[in-house]
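Chemist: As a plain string of letters, each chain reads:
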Amino acid sequence: MKKKMHVLVIAFALVLSVTALVGCGAKKATTTGANGVSSDIQKIKDAGVLKVGVKVDVPNFGYKDPKTNKIDGFEIDLARQLAKRILGDESKIQLEPVTAKTRGPLLDNGQLDVVIATFTIKPERLLQWNFSDSYYTDQVGILVKKDSGITGLKDLDGKKVGVAQGATTKDAIEAEIAAQKLSIKPNYLEFATYPEINAALESGRIDAFSVDKSILTGYLSSDKVILAEGFAPQQYGIATKKGNDGITKECNTMLKEMTANGEMTTLLKKWNLK
Amino acid sequence: MLDWMGSDVITMLKDPVIYEALGRGLQLTLIIALVTIVLSFIFGTLLGIARFSKIPVLSQAATAYIEFVRNIPLLLILLFCYFVGGLQSRDAAIVGLTVFTSSLLAEVVRGGLNSIGTGQWEAARSQGFNYVQILRYVVLPQAVVKMIPPIVSQFVTVIKDSSFAMTIGAFELMYEGVILTGQYWKATQVITIYILIALIYFVINFTLSLLSRKLQGKLSLGRGTIGQ
Amino acid sequence: MGPFSLQKWQASLSNFPMLLEGLGVTLIVAATGLALAMIIGVVFGVLSSSHWKVARFFARVYVEFFQNTPLLIQVFLLYNALPLIAPKAVIPVTVVGVMGVGFYHGAYIAEVVRAGIQSIHQGQIEAALSQGFSYIQAMRHVIIPQALRVVLPPLTNQAVVLIKNTSILAVIAGGDLMYRGDSYAGSVGNYGPTYVVVGLLYFALCYPLAVLTKKLEDRSEVHGNA
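Residue numbers (the working numbering), protein chains in the order written: chain A, 1 to 274; chain B, 275 to 502; chain C, 503 to 728.
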């Protein structure tokens, strides 16, 4: 009886994997319809709404103000522009909160059309998702307690550094350590959400919180400081499912036009960004 | 010193954002829990029937499902539903919790139905009731009453376990609370927020437990009723 | 690259040693946590069966608190709130895990112990003593064997749940099986196969105990409870 059960359970796990293998299937390449509109854009038009993944905890980029409960920011404005271009109406967007951990998977299964959420363009990511041209370049920063005595990357030897699961921060730090030829070894601890990393920093569980500087500004408080040191230019791009070339093309055209006619500068100024 | 600690907390407690955020979180927690327990009851009943049916394939498949799901962490099921299943946070939480809870409720339903002695069936049959009528008028009413305490206890467990949905981005009570500690980061404020969260869970669950205990008579020791 | 493509399976399996390290941490935390939970469970179980109202109340408060609040908030209090009160006493994360599951399951085991104690009729002790057993002999040959039969099935069940609950370490960067699996999965986007492998490892730990539970349950039913 016990042996039978074991066989059944292994079989169950295999069946799961096989159906998923079959189910994942081939990537659908975008086709161009009769009116010159590619299939992925047509899907959005048919749906009548642009589903966008955004951050809700990064001030000025994507932030849900606790007082108003509305999500606003530079990236939300970009989303609105994109909706205006595709659907003709900038209010036809559906904002979905995402984290570094969740934004990729939600693109892959079609829950979201695009992700505009401080998503850094990286070579290994380009294999998995389509990215537009960069719309903003940020740097990785380090947030520490003022009384920690940490003034730069060099002080992080053996220290506990909190990073977000799914973010590229750890690799960025390691690359910078190599570039500066430091022989230090920080101890990386991963957490699922930024508020958890911040809580761990506050309680002393970790010595430093590292992620893009833009995100760190959301956790600045009178007892903490963002170190001046910044590294690893993080180029943010609008991400969409691999193969959705039509959407990516539209994004790039939009960004080009916005830069050319000064809209981009206005928007950056609006949100205190450079 | 005590004054200084107190004033931070008082300032925070005066801010309506605290209550709105926790209220929103609590709302989602309860929605997730309610939908889960209803779906789990339905699915658990089907599962229970499959498990004890005379068809070998059905009963073995159901048993394999139940045994596999009960021996892996709930957290893993939630992560799987979210990252591999690709559902949105709230839906992944409900599906994951349902997958898990229905395997437990299958036992409860079976236990409830089994507890009605065969004597009742025979007596009812001798009175001329057919199978469906017996189920409807004799067995189910009694079985349901017997099943209520373990189901309520499982509901309490689901409310607690819904806190794991924080890791897949669901804005339930736990996550809303942790987000608040980003804004109110001072030691006393953080501790107060955590205690508030614990209190809210406690009040709801303790009340439910008391109700369930009133319905129940004695404490039974089976695998299904002493919770997780 | 689909979620379950062959490359992903290969990648997951090549990282198996890393997962095994996590399994080691899980085992240590589970074993230590279970020991702690047993101690707490016996203490509070006995207290809740005592004649003193104060002892019973004290035990009741403990049990109700830990049974009606999520394990997650308890662990967060230990992990993030405790250092704020006692900055010098930073408890290592594995100890936080042990304490977390220990206190939580201690409450459930207390209830099991209480039920076990109460299932023994007072008359049994008197009868054994009247037969010439000393108190210790009565305990050893009459009372404890019966109590164990009642108590062992739910205890092994609690052990299974405890092992699963050590996965809470994943949320506080605790280095256990769940943390490592999830961390690896997230860093390279390889979720499906990794989760299946992690699941099978937990299953391998828990299922034998679950089977043992069922065996013990059946045995206690055959002999009948006191």
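Incorrect hints may appear among the rest.
Between beta-carbon pairs, the in silico distance windows are [stated by the list, open to error]:
#: 1; chain 1: B; residue 1: S333; chain 2: A; residue 2: V37; range: 47 to 55 Å
#: 2; chain 1: C; residue 1: F518; chain 2: A; residue 2: K122; range: 53 to 61 Å
#: 3; chain 1: B; residue 1: I422; chain 2: A; residue 2: G48; range: 52 to 60 Å
#: 4; chain 1: A; residue 1: D89; chain 2: B; residue 2: I323; range: 44 to 52 Å
#: 5; chain 1: C; residue 1: K555; chain 2: B; residue 2: I305; range: 37 to 45 Å
#: 6; chain 1: C; residue 1: E628; chain 2: B; residue 2: K488; range: 31 to 39 Å
#: 7; chain 1: C; residue 1: F518; chain 2: A; residue 2: E124; range: 44 to 52 Å
Honestly, the hints are just simulated from the structure, not real lab data.
Owing to the predicted nature of the structure, the values given are computational and were not obtained by experimental measurement.
In this text, a Cβ means the ideal position worked out from N, Cα and C, and glycines have one as well.
Chemist: Are the hints correct? Go through all of them and say.
Modeler: Hint check:
| no. | hint | in the structure |
| --- | --- | --- |
| 1 | B/S333 to A/V37: 47 to 55 Å | holds, 53 Å |
| 2 | C/F518 to A/K122: 53 to 61 Å | violated, 26 Å |
| 3 | B/I422 to A/G48: 52 to 60 Å | violated, 45 Å |
| 4 | A/D89 to B/I323: 44 to 52 Å | holds, 50 Å |
| 5 | C/K555 to B/I305: 37 to 45 Å | holds, 40 Å |
| 6 | C/E628 to B/K488: 31 to 39 Å | holds, 33 Å |
| 7 | C/F518 to A/E124: 44 to 52 Å | violated, 22 Å |
Violation of the numbered hints given earlier is confined to hints 2, 3, 7; the remaining hints are satisfied by the structure.
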